[in-house]
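There are 2 protein chains.
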Amino acid sequence: MALSRRTFIEHLAVVGGMTLAVAGMEALGFGFASAQTLPPNLTGKGKGTRVVILGAGLAGMTAAYELTKAGYDCQVIEARSFAGGRCQTARKGFTHTDLIGRTQVCDFDEGLYINHGPWRIPYNHRSTLHYTKLFGVALEPFINDNDASYVYYEKGSGPLAGKRVRKGQLANDMRGHAAELMAKAAAKGGLDLPLSKDDRDRFISYLISQGRLSPGTLDYGPNEGRGWDVQHGAGVTPGAGKLSQPYSLSDILGSKAWEAVEPLGEHEQQITMLQAVGGMDHVAKGFEKQVGHLIRYDTEVQKIVQDDRGVEVLFTDKDGKAGSIKADYCVCTIPLSVLKGLDLAVSAPFKDAMADAAYAPVNKIGLQMKRRFWEEDHAIYGGHIYTDIPGVGSMSLPSTGWQGQKGVILGYYAFGSDAVRISMKSPADRAAFAVAAGQKVFPEYAENFETAFSFSWHLAKYNLGGWAEWSEDARARSYAKLCEPDGRIYLAGEHLSYLSGWQAGAIESAWQQIARIHARVNAA
Amino acid sequence: MALSRRTFIEHLAVVGGMTLAVAGMEALGFGFASAQTLPPNLTGKGKGTRVVILGAGLAGMTAAYELTKAGYDCQVIEARSFAGGRCQTARKGFTHTDLIGRTQVCDFDEGLYINHGPWRIPYNHRSTLHYTKLFGVALEPFINDNDASYVYYEKGSGPLAGKRVRKGQLANDMRGHAAELMAKAAAKGGLDLPLSKDDRDRFISYLISQGRLSPGTLDYGPNEGRGWDVQHGAGVTPGAGKLSQPYSLSDILGSKAWEAVEPLGEHEQQITMLQAVGGMDHVAKGFEKQVGHLIRYDTEVQKIVQDDRGVEVLFTDKDGKAGSIKADYCVCTIPLSVLKGLDLAVSAPFKDAMADAAYAPVNKIGLQMKRRFWEEDHAIYGGHIYTDIPGVGSMSLPSTGWQGQKGVILGYYAFGSDAVRISMKSPADRAAFAVAAGQKVFPEYAENFETAFSFSWHLAKYNLGGWAEWSEDARARSYAKLCEPDGRIYLAGEHLSYLSGWQAGAIESAWQQIARIHARVNAA
Numbered sequence: 001m002a003l004s005r006r007t008f009i010e011h012l013a014v015v016g017g018m019t020l021a022v023a024g025m026e027a028l029g030f031g032f033a034s035a036q037t038l039p040p041n042l043t044g045k046g047k048g049t050r051v052v053i054l055g056a057g058l059a060g061m062t063a064a065y066e067l068t069k070a071g072y073d074c075q076v077i078e079a080r081s082f083a084g085g086r087c088q089t090a091r092k093g094f095t096h097t098d099l100i101g102r103t104q105v106c107d108f109d110e111g112l113y114i115n116h117g118p119w120r121i122p123y124n125h126r127s128t129l130h131y132t133k134l135f136g137v138a139l140e141p142f143i144n145d146n147d148a149s150y151v152y153y154e155k156g157s158g159p160l161a162g163k164r165v166r167k168g169q170l171a172n173d174m175r176g177h178a179a180e181l182m183a184k185a186a187a188k189g190g191l192d193l194p195l196s197k198d199d200r201d202r203f204i205s206y207l208i209s210q211g212r213l214s215p216g217t218l219d220y221g222p223n224e225g226r227g228w229d230v231q232h233g234a235g236v237t238p239g240a241g242k243l244s245q246p247y248s249l250s251d252i253l254g255s256k257a258w259e260a261v262e263p264l265g266e267h268e269q270q271i272t273m274l275q276a277v278g279g280m281d282h283v284a285k286g287f288e289k290q291v292g293h294l295i296r297y298d299t300e301v302q303k304i305v306q307d308d309r310g311v312e313v314l315f316t317d318k319d320g321k322a323g324s325i326k327a328d329y330c331v332c333t334i335p336l337s338v339l340k341g342l343d344l345a346v347s348a349p350f351k352d353a354m355a356d357a358a359y360a361p362v363n364k365i366g367l368q369m370k371r372r373f374w375e376e377d378h379a380i381y382g383g384h385i386y387t388d389i390p391g392v393g394s395m396s397l398p399s400t401g402w403q404g405q406k407g408v409i410l411g412y413y414a415f416g417s418d419a420v421r422i423s424m425k426s427p428a429d430r431a432a433f434a435v436a437a438g439q440k441v442f443p444e445y446a447e448n449f450e451t452a453f454s455f456s457w458h459l460a461k462y463n464l465g466g467w468a469e470w471s472e473d474a475r476a477r478s479y480a481k482l483c484e485p486d487g488r489i490y491l492a493g494e495h496l497s498y499l500s501g502w503q504a505g506a507i508e509s510a511w512q513q514i515a516r517i518h519a520r521v522n523a524a
Numbered sequence: 001m002a003l004s005r006r007t008f009i010e011h012l013a014v015v016g017g018m019t020l021a022v023a024g025m026e027a028l029g030f031g032f033a034s035a036q037t038l039p040p041n042l043t044g045k046g047k048g049t050r051v052v053i054l055g056a057g058l059a060g061m062t063a064a065y066e067l068t069k070a071g072y073d074c075q076v077i078e079a080r081s082f083a084g085g086r087c088q089t090a091r092k093g094f095t096h097t098d099l100i101g102r103t104q105v106c107d108f109d110e111g112l113y114i115n116h117g118p119w120r121i122p123y124n125h126r127s128t129l130h131y132t133k134l135f136g137v138a139l140e141p142f143i144n145d146n147d148a149s150y151v152y153y154e155k156g157s158g159p160l161a162g163k164r165v166r167k168g169q170l171a172n173d174m175r176g177h178a179a180e181l182m183a184k185a186a187a188k189g190g191l192d193l194p195l196s197k198d199d200r201d202r203f204i205s206y207l208i209s210q211g212r213l214s215p216g217t218l219d220y221g222p223n224e225g226r227g228w229d230v231q232h233g234a235g236v237t238p239g240a241g242k243l244s245q246p247y248s249l250s251d252i253l254g255s256k257a258w259e260a261v262e263p264l265g266e267h268e269q270q271i272t273m274l275q276a277v278g279g280m281d282h283v284a285k286g287f288e289k290q291v292g293h294l295i296r297y298d299t300e301v302q303k304i305v306q307d308d309r310g311v312e313v314l315f316t317d318k319d320g321k322a323g324s325i326k327a328d329y330c331v332c333t334i335p336l337s338v339l340k341g342l343d344l345a346v347s348a349p350f351k352d353a354m355a356d357a358a359y360a361p362v363n364k365i366g367l368q369m370k371r372r373f374w375e376e377d378h379a380i381y382g383g384h385i386y387t388d389i390p391g392v393g394s395m396s397l398p399s400t401g402w403q404g405q406k407g408v409i410l411g412y413y414a415f416g417s418d419a420v421r422i423s424m425k426s427p428a429d430r431a432a433f434a435v436a437a438g439q440k441v442f443p444e445y446a447e448n449f450e451t452a453f454s455f456s457w458h459l460a461k462y463n464l465g466g467w468a469e470w471s472e473d474a475r476a477r478s479y480a481k482l483c484e485p486d487g488r489i490y491l492a493g494e495h496l497s498y499l500s501g502w503q504a505g506a507i508e509s510a511w512q513q514i515a516r517i518h519a520r521v522n523a524a
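Protein chains in written order, with our numbering: chain A, 1 to 524; chain B, 1 to 524.
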């Protein structure tokens, strides 16, 4: 029987490990997608080898699931009372106390939630999608781009500064103005185009299509792409409707709002994106159903020691009682931000490398609104509101529950020093800040606000940041070192990937490290 | 109490009719959305006036629902055994016999379906969304754009002709090449830009951002937007991954595939688009729940007569038995393609006008596949495959049921003479044609095909076409005439709107005509 492409790739993974599989996929034209679509196939020995896994996030649970399947004897230690790591969803009753001691209990109505951790899955993260399929985690679209959504930039100049504009109109106008300038120059021969006469004509046709130019004059003007002031409709009135006037090129440039209009974001942000139905923590729950019995919750790692024969992890349980676990190997998924403060028996260069990654301050806040005014009054179904208000970054509207009564808006999604500044406020003051910002875009914001739940990852005890941020220098200096084991300790997590902050980074990193352990066990 | 913006607009609609409301909305900055967001408020007399409504499609049921609410005595005559008009969904057991006498019974698995009529709702069609909300029709995203989807053009020349390419990569490369040419010319002063020095710098920044150019050299090259050959991932291998090489400008131009890359489609096609959960016919069912008791099914209109005092509609029922209904007014939603063949007591100029609209030949076919290979093997979640294969137009992948076992693909969505040609084939041959076309794009197509259901609107007895197509001349000559009543007969439907083929056209047309009837009744 001939091998199918898929079977062939699986075969490569088995016989040659992941690197060969990657090469095979590339050769077969699969390269566009994630290089790592399937877990390593851990055939061979493994039975009974003890592995202690630190952290029941996606990396830890991936390791536990795959190693257990291969006959390893796994135990997972988790500091929190629940699994998932950063893969969390706040809904009614979810409680969080930050490092400053401020406790919030989420008070959203039943059925409403905010994903304050990961909230979207790129279509090209096949590793994550492998497990959602395997575990039956229901998925639905995440609206990551929306022509109807607003851009609100207030720091620029001119008539569009401090004015909300529809993203689609802004994009249409900028493309149109640029295409007009270019098409006219090309038509006049003013551009030194490296093109044949036929291709030049095709290029001008392309510009006409992209810019919605008038084919005769090459002018950019009112057009159906940017839309109507009075939309076309039935009968004679409104009938054909009344097209709207473009914003001028110089008004758009002055406002700086064009910065928000990027046609194809970074590869991970391209559409289609997906989310878990009912909250992203269903991904974590999918794993937990498989490996929950291996997890020791409410257990804080205090110290990790190792020698030639094994690893010992010393911990304290919920009641402060000390204990320990011995194992042959350790998969440690604790974020570097936290790990570097623990007593860890690794080499000095390894420790230096651990300290080299920065961790991102990240804020999110969910705002429950008593009416979905962004849909009812503004016809915006999902997507992001882009602003230059410091500490806000973007606001986001739910991709689900459309036309329902209430909804939860993501009030800000901010990084860096602005995020730190806002996170120092009390939860009530953070909500007030978010509502005041939203009010600039939506006049219905404040009157509809009911309750908030905010989260700052740099103030979360077992995270101390949203994700690892590798500077180019630090990546060159320290990253590769941490990808190698130190003795019997293997690090795993999004911090050991180029998919910073993505669930796929955690999963694929775990795949690599367990494949290494398995190779070592089999070589022994 | 101050009027809210919404209340103010409702108020305008009541006191001044729709035209004033439209003006009010424009003045208040609501213009971006549909001009008609709410049904006319039919206050005043109406009680007991008899209205016979011909056709239980969305226009007819909208009229029946609103008029009944206002106290009118409505009866609806429907030729088919079910309501909805073109708002149909084929699922297991759905039966259709076309005008050539070919009968198909849909044999999709339970839970699978194809919307062979309307299948997507623009966010800016507030009239449609008014009723989905009112009737509790659950909505979900319809993926109308997808960076991951393929473009397959075979008629051009060069290495990309007859090769499937990812839409996002194609778009990225075309924008990048164009931005590079333009940015370099602008930087050299080669373009006669109507911009200040500051704006010119901003414009170049915009081009760098849009085209993902190297800021120093203004070159377009491999970039994260177009993606990787080996995607970045965990550890050191693949680690940073390997970026892919852009297609050359002249290869793209030669292939003509750039024609498929339009960044913001016509206004109605912009994202976010919506669909009814479980099939678009749930919109029809929402109406039917309200007005079903007023509908006389399986009843064919034969003749419509009128005089100064009323209208009489003569019909035959299921068993061929003749009957008639008398009423004060008639709202006739029968498509012009069918209506012009009926015995109708209207003026000769009105009849001439009726004959002036062409009707679009439209084909769709649903193909049940036993495995969702487009998701599993190609990572394409929803969206359209664009091709220049005659008779195909586009193929579409489902926006729902992701990661399930089976799925129904829209195998072609084609108009015009190509659609007529394919529709003359037997259902089995149409399926064979669609599968052979799909096989050019997806090697998994034929081996996964299970069963098909095809529909040709020009061969559907009570439609004779997908929608009205008004040429510019015909629109100028005949459209306005048909928007006016002829005696006591008022036409309504998508054919009396500028929203050809959209559900909103049917609804908004009905709104206008019942407002006219009501004004006449109240003026009498």
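Do not rely on the hints blindly, as some may be mistaken.
One copy or any two copies: either way a pair holds, since identical chains are not told apart in the list.
Pairs of lysine-lysine, DSBU-like flavour, derived with a Cα cap of 30 Å [stated by the list, open to error]:
1) K47 with K155
2) K242 with K133
3) K481 with K188
4) K242 with K481
5) K69 with K370
6) K326 with K242
7) K370 with K340
8) K92 with K440
9) K184 with K155
10) K303 with K188
11) K406 with K285
12) K133 with K440
13) K184 with K92
14) K425 with K289
15) K133 with K69
16) K406 with K303
17) K163 with K197
18) K326 with K440
19) K440 with K351
20) K318 with K133
21) K289 with K370
22) K188 with K47
23) K321 with K155
Simulated from the structure, these hints should not be mistaken for lab results.
Evaluation of the provided hints:
| no. | hint | verdict |
| --- | --- | --- |
| 1 | K47 with K155 | neither (62 Å within a copy, 58 Å between copies) |
| 2 | K242 with K133 | between (48 Å within a copy, 27 Å between copies) |
| 3 | K481 with K188 | neither (57 Å within a copy, 46 Å between copies) |
| 4 | K242 with K481 | between (63 Å within a copy, 21 Å between copies) |
| 5 | K69 with K370 | between (47 Å within a copy, 29 Å between copies) |
| 6 | K326 with K242 | neither (75 Å within a copy, 40 Å between copies) |
| 7 | K370 with K340 | neither (44 Å within a copy, 50 Å between copies) |
| 8 | K92 with K440 | within (28 Å within a copy, 50 Å between copies) |
| 9 | K184 with K155 | between (32 Å within a copy, 28 Å between copies) |
| 10 | K303 with K188 | neither (73 Å within a copy, 62 Å between copies) |
| 11 | K406 with K285 | both (26 Å within a copy, 25 Å between copies) |
| 12 | K133 with K440 | between (41 Å within a copy, 27 Å between copies) |
| 13 | K184 with K92 | neither (58 Å within a copy, 55 Å between copies) |
| 14 | K425 with K289 | neither (37 Å within a copy, 52 Å between copies) |
| 15 | K133 with K69 | within (17 Å within a copy, 48 Å between copies) |
| 16 | K406 with K303 | neither (47 Å within a copy, 50 Å between copies) |
| 17 | K163 with K197 | between (44 Å within a copy, 24 Å between copies) |
| 18 | K326 with K440 | neither (57 Å within a copy, 57 Å between copies) |
| 19 | K440 with K351 | neither (47 Å within a copy, 54 Å between copies) |
| 20 | K318 with K133 | neither (34 Å within a copy, 49 Å between copies) |
| 21 | K289 with K370 | between (34 Å within a copy, 28 Å between copies) |
| 22 | K188 with K47 | neither (75 Å within a copy, 68 Å between copies) |
| 23 | K321 with K155 | neither (55 Å within a copy, 74 Å between copies) |
When held up to the earlier numbered hints, the structure conflicts with 1, 3, 6, 7, 10, 13, 14, 16, 18, 19, 20, 22 and 23 and fits the remainder.
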